[in-house]
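**Q** If you read the protein sequences in the order shown, they are chains A and B.
Per our numbering, the first sequence starts with residue 6, numbered consecutively.
Per our numbering, the second sequence starts with residue 522, numbered consecutively.
Keep in mind that the hints are not guaranteed to be accurate.
Said to hold, decoys possible - Here are the simulated lysine to aspartate or glutamate pairs, EDC-like style, with alpha carbons at most 20 Å apart:
| hint | chain 1 | residue 1 | chain 2 | residue 2 |
| --- | --- | --- | --- | --- |
| 1 | A | Lys68 | B | Asp861 |
| 2 | A | Lys68 | B | Glu829 |
| 3 | A | Lys68 | B | Glu541 |
| 4 | A | Lys68 | B | Glu556 |
To be verified - Output of the computed footprint for chain B on chain A, the stretches with three or more beta carbons under 8 Å from beta carbons of chain B:
| hint | stretch |
| --- | --- |
| 5 | 38 to 49 |
| 6 | 60 to 71 |
Claimed, not checked - In silico negatives: residues of chain B with every beta carbon more than 12 Å from chain A:
| hint | residue |
| --- | --- |
| 7 | Gly602 |
| 8 | Ala754 |
| 9 | Gly783 |
| 10 | Phe835 |
Just so you know, these hints were derived from the structure itself, not from any lab.
Where a beta carbon is used, it is the ideal one built from N, C-alpha and C, also for glycine.
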Amino acid sequence: MPDLSGYRFTQTHEWVRLDAGTATVGISDGAQSQLGDVIFVELPAVGTRLRAGERFGVVESVKAASDLYAPLGGTVSEVNGTLAASPERVNHSPYEDGWMIRLTDVDESGASLMDEAAYLAQAEA
Amino acid sequence: MVSTTPLHSRHIAAGATMVEFAGYDMPLQYTSMREEHMAVRRGCGLFDLSHMGEVRLTGESATATVQHLVANDVTRLVAGGALYTAMCNEDGGIVDDLIVYRVDGGFLVIVNGSRRHVDVAWMRSHLAPGTVLGDESDATALLAVQGPDSVATVQPLTGFRLETLRPFRSSLGSVAGIDCRISRTGYTGEDGLELYCAATDATSLWDALVDAGSGRGMLLAGLGARDTLRLEAGLRLYGQDMDEGVDPYSCGIGWTVARAKGDFIGSARLLEIDPESPPRRFIGLALGPRHIPRHGMAVMVDGATVGEVTSGGFSFSLGHGIAAAYVPPDLDAEAPLTVDIRGQEAPARRVPLPFYKRPR
Numbered sequence: 006m007p008d009l010s011g012y013r014f015t016q017t018h019e020w021v022r023l024d025a026g027t028a029t030v031g032i033s034d035g036a037q038s039q040l041g042d043v044i045f046v047e048l049p050a051v052g053t054r055l056r057a058g059e060r061f062g063v064v065e066s067v068k069a070a071s072d073l074y075a076p077l078g079g080t081v082s083e084v085n086g087t088l089a090a091s092p093e094r095v096n097h098s099p100y101e102d103g104w105m106i107r108l109t110d111v112d113e114s115g116a117s118l119m120d121e122a123a124y125l126a127q128a129e130a
Numbered sequence: 522m523v524s525t526t527p528l529h530s531r532h533i534a535a536g537a538t539m540v541e542f543a544g545y546d547m548p549l550q551y552t553s554m555r556e557e558h559m560a561v562r563r564g565c566g567l568f569d570l571s572h573m574g575e576v577r578l579t580g581e582s583a584t585a586t587v588q589h590l591v592a593n594d595v596t597r598l599v600a601g602g603a604l605y606t607a608m609c610n611e612d613g614g615i616v617d618d619l620i621v622y623r624v625d626g627g628f629l630v631i632v633n634g635s636r637r638h639v640d641v642a643w644m645r646s647h648l649a650p651g652t653v654l655g656d657e658s659d660a661t662a663l664l665a666v667q668g669p670d671s672v673a674t675v676q677p678l679t680g681f682r683l684e685t686l687r688p689f690r691s692s693l694g695s696v697a698g699i700d701c702r703i704s705r706t707g708y709t710g711e712d713g714l715e716l717y718c719a720a721t722d723a724t725s726l727w728d729a730l731v732d733a734g735s736g737r738g739m740l741l742a743g744l745g746a747r748d749t750l751r752l753e754a755g756l757r758l759y760g761q762d763m764d765e766g767v768d769p770y771s772c773g774i775g776w777t778v779a780r781a782k783g784d785f786i787g788s789a790r791l792l793e794i795d796p797e798s799p800p801r802r803f804i805g806l807a808l809g810p811r812h813i814p815r816h817g818m819a820v821m822v823d824g825a826t827v828g829e830v831t832s833g834g835f836s837f838s839l840g841h842g843i844a845a846a847y848v849p850p851d852l853d854a855e856a857p858l859t860v861d862i863r864g865q866e867a868p869a870r871r872v873p874l875p876f877y878k879r880p881r
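One chain only, chain A, in its complex shape (with noise of 0.2 Å):
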């Protein structure tokens, strides 16, 4: 398991990790674990802008599909290309293989982050 001191986690099970300005976000290892083998996903244009909490795409697993939503705001500037051919990139790697977007301009209003500890402890509750 890497190290998740640098990721920050939402109550719908994405994580984000803030880089020089620039957010990473993916779904954490409890979300993954739960939705079984990946199958796609689905996810927004480069360019689309984001607000904190608004839907940015879809991961569809063998058992359900589930909404995926933005930690933060801020402008897509990357998507994990790689997802297309490898969905199970998200099963095997959440944290860093299994990426989904990146941002820029990151807005950080209306965003509601909890640690790794407090995201676990509520997971949990």
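Let chain A serve as the given structure and place chain B on it in line with the hints.
**A** Positioned in the frame of chain A, the structure of chain B alone reads:
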């Protein structure tokens, strides 16, 4: 109160994701549904199906009792032979779908775990004098090895020559020193074996099968893979594709109704149905690689709902979405169908069942 099978500790030790099914805490998956599914298609997988029910009907009138209870003709079964059948109510609705084995002294009936208590009560209320019913479900474990490599995997554990067992035949035998009913049956669309043994022997048999399969690529397989495998193979799931309101013709298993065998429960109603135009039609639908239909989604023509998906999902073998659905019998076979997937109409092509047929 949730029950456990005799193999529960093995599932927990293997790290399975557990789920409640048919009143049992069962393994949904061990590692990945996709990997477990493909292991069964290419090699083999090991399933715990001990939630299924086993009901033995014996006595001088057992044949008459079973013949009256089910729609198929059990008099044509040879010793050890099995058949698939519906057990119907007076209205021709399906109480359960069953596998019936001809065994020494009578019949062994395999029922869905979720229907066991309903079925046993139904059978008890329709026993001919002289038939004895024994519900052996709690005392019996069922382990299935499914996939093209099943026979080769299990053979080293038994002196019984497995390849002599034809599909839908069974025999008593010893596997890993454990007394079993060895059956060439399954619910995956592949070759395979189902092994019935005493619940007290289940962990020994499981461990021996795990040993035999290690190094051969056999994987433990959960109910998730069982569901995707059976859907690809066009096999119906009770409670989802059929229930007491559906007759065997409507759900496409009219071939199991022995119309000429004489009276049985539901026969009066079933004989009124024209097999070619049942009240409803059970069809297969093929969708795109990014369209995954789910149970309960609407089937549409020109924006109007004409039917409903009863089982749907992603076919790992075919790489696209598949669904089984009910539509009206008079629906134009050429009508362009769609499935309403969360408000979007996904194009669906009508295809014959099964979706997947194993290579011969």
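**Q** Against the structure, test the hints numbered earlier, and report the numbers of the ones violated in rising order.
**A** 10
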